[in-house]
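*Asks:* The residues making up each chain are set out below.
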Amino acid sequence: MSGQGLTGLSTLSRRLVALGVLAWCLITAFPLYWVVVTAFKTPPGVVGGPTYIPFVDFTPTLQPFIDLYQGIRGEFFRTFLNSTIVGLSAAAMATAIGAMAAYALVRFEFRVRLGAGLIFFLLALGGYLLFSNNLGFTRAQALLLAFPIALVIAIIANRLPLPGPILGNEDILFWFVSQRMFPPIVTAFALYLLYTEIGRLGFQLIDSYVGLTLCYVAFSLPIVVWLMRDFFEAIPIEVEEAAMVDNVPSWRIFLGIVVPMSMNGLLATFMITLAFVWNEFLFALFLTNSKWQTLPILVAGQNSQRGDEWWAISAAALVAIIPMMIMAGLLSRMMRSGLLLGAIK
Amino acid sequence: MMRNDPIKHVFIWPAVLVVLAISIFPLIYSFTTSFLSYRLIPPIPPRVVWFGNYVTLLQEPRFWNAILTTTLIAFIAVGLQYVIGFGVALALNARVPGERLFRVALLLPMLLAPVAVALVARMIFNPTMGPLNQLLSTFGLANLPFLTNGHWALGCIIAVEIWQWTPFVILMMLAGLQTLPEDVYEAAELENASAWQQFWGITFPMMLPISAAVVFIRLIESYKIMDTVFVMTGGGPGVDTETLTLFAYQEGFKKFNLGYTSALSFLFLIAITIIGVTYLALLRPHLEKRR
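Just so you know, the protein sequences line up as chains A and B, in that order. For the first sequence, UniProt numbering gives the first residue as 1, with consecutive numbering after it. For the second sequence, UniProt numbering gives the first residue as 1, with consecutive numbering after it.
No lab work stands behind these hints, which were simulated from the structure alone. Just so you know, even glycine gets a beta-carbon here, dropped at the ideal spot from N, CA and C. One should not assume that every hint holds.
Some chain A residues near chain B, calculated using beta-carbon distances under 8 Å [as the list claims (entries may be wrong)]:
#1 Trp34
#2 Ser89
#3 Ala92
#4 Tyr103
#5 Val177
#6 Gln179
#7 Cys215
#8 Ala243
Go ahead and model the full structure; you've got the sequences and the hints to work with.
*Replies:* Written out as structure tokens, the structure is:
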């Protein structure tokens, strides 16, 4: 770390700068402090106007948390469990699949013809319209039929000498990352319709574990691929080359050498993905309604359910926040060892 | 070195398949739906209206209002995030006393659920029970209608966005600052360049590529804003703080107007693409000059 920037400043201005940073930290900390103290207040302690310091201004109580656990304001325990299950499994799957793709993009060469991509898109679109409008399939059936047909034809077309540019690894990476640019409402709404249609075929995806997790895996993949590519690129290739000389198969190089070497990166990526899934609101809003509801939906609903009962709302918000607070502590420890900084750059 | 081994397909296909299935697939579906007049409530059989939905939308004042609101929130919030974030990052990079302590605190907000943050904001901005209005009272100022007046509500949402996402800017800028070469500064030191000159002459230009990337990411993400607004104001008062995503949600999920909502989400996609491309086109000459 270089000490530039402030070297030319006097002690006074150094103090002023420190004061500015401190002010920002206070601004950051105050809302957090507020939610923690409010969660331990009794109703009179809230309604009577703002109170600040426990034991001085008000007597702290555990009642809001007991109410939560007993499920007075919605099935909190179950929702917490849902969030944990969906979050952990989606993050684990996204990290695994994404790391594999990232490794492939770093170490192997891919060539995709733009023509083949266009063929895929046009065939999927055209096939869907044909099947649904002219051949009397339902919309979901038409999509499910058109998709594999278009994919197979596009893969075959990729081998043919089509005119047009050839896309390489960088373009594939860009395609992955650009998925993140899409406004999620486009996909969330379409996915809701699609899941409903598939549900009519007797395969329930709305408000189900599979539907929600699958959607979260897909939406975490861009970040995972992006982050993991940097971690893999930082690994010296000599180790892998040495293994290749000994004719170790690629999958064993990956599992036996690359994965252990980038364990920290994988862990950091897993945690960032977990935070993303844990906090996600829009998809959960569209794709769940009761059984697989996640914490953000329940927390958002607290407000309208019974009015301004801030003590209970704070307790609910706190439960949703605490796992992420622990995560922030862990991540900042990794950050201090310079690990994440390398990845972000 | 690039290897070529058939096993590469095993590595990449799971990810490609999942992304194709979950994001391209619905895209085709909603693209075709956007040309239909298709409602679930009351159930009317779908009818092809071609660009009818798009035309109706473009004439709808509520749609333009949503675009304006979203743009205001995105640009003001990201601008302030960048200024504050860059400032704090510079200070942290210069080893301000107590810098270690700040790091956890700085990482925290962006890991918290926006929904929970918005609820806490509601408490703080509460007109009678919130600490903010009490503070104003102690100074003898009038209490403010934080969430019930359109302009103030917009300001509050922007404030929450800044609170939550400035840490992201700090983190990225700090990472960027630590890659800057030290010898340039030593040379500037010899020439007796002031800290101010050093910043505008060296730090800012060298940080331009990463700044561009950070602002781009934040801008695109800010356009998607939904959960904060949903909880804090619900788009109200009236439709004063309704963002594009919230508008689409109301139309699609409350009225089940499928064709209309699909058209809306496609217009949104086009708008985001235009903003993204314009932004990159505007910045490209600056970025290339510096390399």
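*Asks:* Are the hints correct? Go through all of them and say.
*Replies:* Do the hints match the structure? See the list:
no., hint, in the structure
1, Trp34, "holds, 6 Å"
2, Ser89, "violated, 14 Å"
3, Ala92, "violated, 13 Å"
4, Tyr103, "holds, 6 Å"
5, Val177, "violated, 10 Å"
6, Gln179, "holds, 5 Å"
7, Cys215, "holds, 6 Å"
8, Ala243, "violated, 12 Å"
Checked against the numbered hints listed earlier, the structure breaks hints 2, 3, 5 and 8; every other hint is satisfied.
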